[in-house]
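Visitor: Each chain is listed here by its residues.
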Amino acid sequence: MPYQPAGLWEESGTGKTYHQSKGEGLYRRSLYTFWRRTAPPPSMLTFDATSRESCAARREVTTTPLQALVFLNDPQYVEASRVLAEKLLTTHVEEPSARWDELFRRLISRQPTDNERTVINELYEEQLAYFQTEGIHVDEFLQVGERPVGEGVDRADLAATAVVVQTVIAYDETVMLR
Amino acid sequence: MNNLVERRHWLQRMGLGFGSLAASYLMQRDELRAETATAAGIPTGGVINPTHHAPKAKRVIYLFQAGGPSQLETWDYKPLLNERQGEPLPDSVRNGQRLTGMSGNQAILPLAGSMFKFEQQGKAGTWVSELQPHLAKQVDRLAVIKSMYTEAINHDPAITMLQTGNQISGRPSIGSWLHYGLGSDSDNLPAFVVLITKGKGGQPLYSRLWGSGFLPARYQGVQFRSGKEPVLYLDNPPGISRESRRSMLDRLKQLHELEQSRLADPELATRIGQYEMAYQMQASVPRSG
Numbered sequence: 001m002p003y004q005p006a007g008l009w010e011e012s013g014t015g016k017t018y019h020q021s022k023g024e025g026l027y028r029r030s031l032y033t034f035w036r037r038t039a040p041p042p043s044m045l046t047f048d049a050t051s052r053e054s055c056a057a058r059r060e061v062t063t064t065p066l067q068a069l070v071f072l073n074d075p076q077y078v079e080a081s082r083v084l085a086e087k088l089l090t091t092h093v094e095e096p097s098a099r100w101d102e103l104f105r106r107l108i109s110r111q112p113t114d115n116e117r118t119v120i121n122e123l124y125e126e127q128l129a130y131f132q133t134e135g136i137h138v139d140e141f142l143q144v145g146e147r148p149v150g151e152g153v154d155r156a157d158l159a160a161t162a163v164v165v166q167t168v169i170a171y172d173e174t175v176m177l178r
Numbered sequence: 001m002n003n004l005v006e007r008r009h010w011l012q013r014m015g016l017g018f019g020s021l022a023a024s025y026l027m028q029r030d031e032l033r034a035e036t037a038t039a040a041g042i043p044t045g046g047v048i049n050p051t052h053h054a055p056k057a058k059r060v061i062y063l064f065q066a067g068g069p070s071q072l073e074t075w076d077y078k079p080l081l082n083e084r085q086g087e088p089l090p091d092s093v094r095n096g097q098r099l100t101g102m103s104g105n106q107a108i109l110p111l112a113g114s115m116f117k118f119e120q121q122g123k124a125g126t127w128v129s130e131l132q133p134h135l136a137k138q139v140d141r142l143a144v145i146k147s148m149y150t151e152a153i154n155h156d157p158a159i160t161m162l163q164t165g166n167q168i169s170g171r172p173s174i175g176s177w178l179h180y181g182l183g184s185d186s187d188n189l190p191a192f193v194v195l196i197t198k199g200k201g202g203q204p205l206y207s208r209l210w211g212s213g214f215l216p217a218r219y220q221g222v223q224f225r226s227g228k229e230p231v232l233y234l235d236n237p238p239g240i241s242r243e244s245r246r247s248m249l250d251r252l253k254q255l256h257e258l259e260q261s262r263l264a265d266p267e268l269a270t271r272i273g274q275y276e277m278a279y280q281m282q283a284s285v286p287r288s289g
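Read top to bottom, the protein sequences are chains A and B.
Here the first sequence stands for residues 1 to 178, numbered as in the working numbering.
Here the second sequence stands for residues 1 to 289, numbered as in the working numbering.
Keep in mind that the hints were calculated from the coordinates and are not lab data.
The model shown is predicted, which means the values in this text are computed figures rather than measured ones.
Virtual Cβ for every residue (Gly too), placed ideally from N, Cα, C.
A hint or two may mislead.
Derived DEER-like restraints, expressed as beta-carbon distance ranges [claimed, not checked]:
{"hint": "1", "chain 1": "B", "residue 1": "N154", "chain 2": "A", "residue 2": "E140", "range": "44 to 50 Å"}
{"hint": "2", "chain 1": "A", "residue 1": "D101", "chain 2": "B", "residue 2": "I168", "range": "48 to 54 Å"}
{"hint": "3", "chain 1": "B", "residue 1": "T51", "chain 2": "A", "residue 2": "E125", "range": "46 to 52 Å"}
{"hint": "4", "chain 1": "B", "residue 1": "N188", "chain 2": "A", "residue 2": "S109", "range": "56 to 62 Å"}
Here are a few chain A residues that sit away from chain B, every Cβ distance over 10 Å (derived from the structure) [stated by the list, open to error]:
{"hint": "5", "residue": "E24"}
{"hint": "6", "residue": "F34"}
{"hint": "7", "residue": "F47"}
{"hint": "8", "residue": "P96"}
{"hint": "9", "residue": "L107"}
{"hint": "10", "residue": "R147"}
{"hint": "11", "residue": "D157"}
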């Protein structure tokens, strides 16, 4: 039972209430996500999951603005970005550019090109400046999701790195096979 | 397995010959045209382009009253039913039709007329029940269609029929067809929006009722909800300002332009356009507080 906006089951008249899992259950592979046909998991429908009511010979592949909203705002993706960011940060403390190598390798299975590296570095610097001047935003942003932030991590750096990870998750090459 | 699919595909192509090739080409071309239009920020035409008639309507508001009063109590005046109140349903009417789970165990199936009085209203003399005194005053501005019916004997297949044209689920809903056929002239709001009444109990409403069936998911109805986030995942995460999001999207666009210079895939232009539309939607979707 992953993250899901509150109230969807009630609104559909299922007569049931969605109980989000705690701990391990929250992070199970989406293959095991509980499926109620009256009100299926909304982010999966947004990404062309079939409604499971009739046979689908071929899956649709679409691009919609709602998909962008899920990548950027769904707590599941925000939290995943933060947790991956923390991994990158603790492995490559001093050297941000080594983080992007690992980020690209993990998500796209290749190294970033020089041009991509420039763009990513600029994004990182912008976001770092944003979070360093607005300390309250750091705390708000890092609170998304249930997994706690590790001790002794530079929190502004973590927030900025998490935005970079989010950006690469939303990057076309990460999500589409072309 | 893969080989099997390919062989089947090949046989199908050979069997149907150029007709199917032409059809798939046309479909791709139309898709492409719609996609390119979005990317360029020009109002998107649908697949019916140009329309067969000059359009007069700008939008359609479709109120579907699931669980509302029946037609017999509102618009469909049936005096004979009241005259023969309590008599068993004649076989000539039932005609061997299945009974529902609710009525199947009844000893008799009596006729039951409307509990409410009807009167003719307006210049057209439209029959309106006493339940709708205010609508009755506006009745000359309404078109009442009484010829639509389904052969379903239960709510769910009947509702599915009304929304998708088929009792069995899997076909696109009427709003999806309209979006697909006519497109949209808005580039910062969804073309097909769905609002459902909250917390009234009664019949469940399935998302397939505004689903896109076998059409791509971008034609599915976007459900607006009450409260401060009317579209799911509309708001930035806490701590992310609109400016911060703008800078992120600008950099993401640069990444996509780099990819585009390698690939020249029109789908990529669509994705860039859709991220931008998401950002526009965040500002333009009305919020009820």
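Visitor: Now, for every hint given, state plainly whether the structure supports it.
Guide: Outcome of the hint check:
1. B:N154 / A:E140: 44 to 50 Å: holds, 49 Å
2. A:D101 / B:I168: 48 to 54 Å: holds, 52 Å
3. B:T51 / A:E125: 46 to 52 Å: holds, 50 Å
4. B:N188 / A:S109: 56 to 62 Å: violated, 35 Å
5. E24: Given that every Cβ of chain B is farther than 10 Å from that of E24 of chain A, nearest at about 23 Å, it holds.
6. F34: holds, 16 Å
7. F47: violated, 8 Å
8. P96: holds, 15 Å
9. L107: Since the minimum Cβ distance to chain B is about 12 Å, L107 of chain A lies beyond 10 Å and the statement holds.
10. R147: Non-interface label stands for R147 of chain A: nearest chain B Cβ at 14 Å, farther than 10 Å.
11. D157: Non-interface label on D157 of chain A holds, nearest chain B Cβ at 14 Å vs cutoff 10 Å.
The structure fails to meet hints 4 and 7 from the earlier list, while all remaining hints are met.
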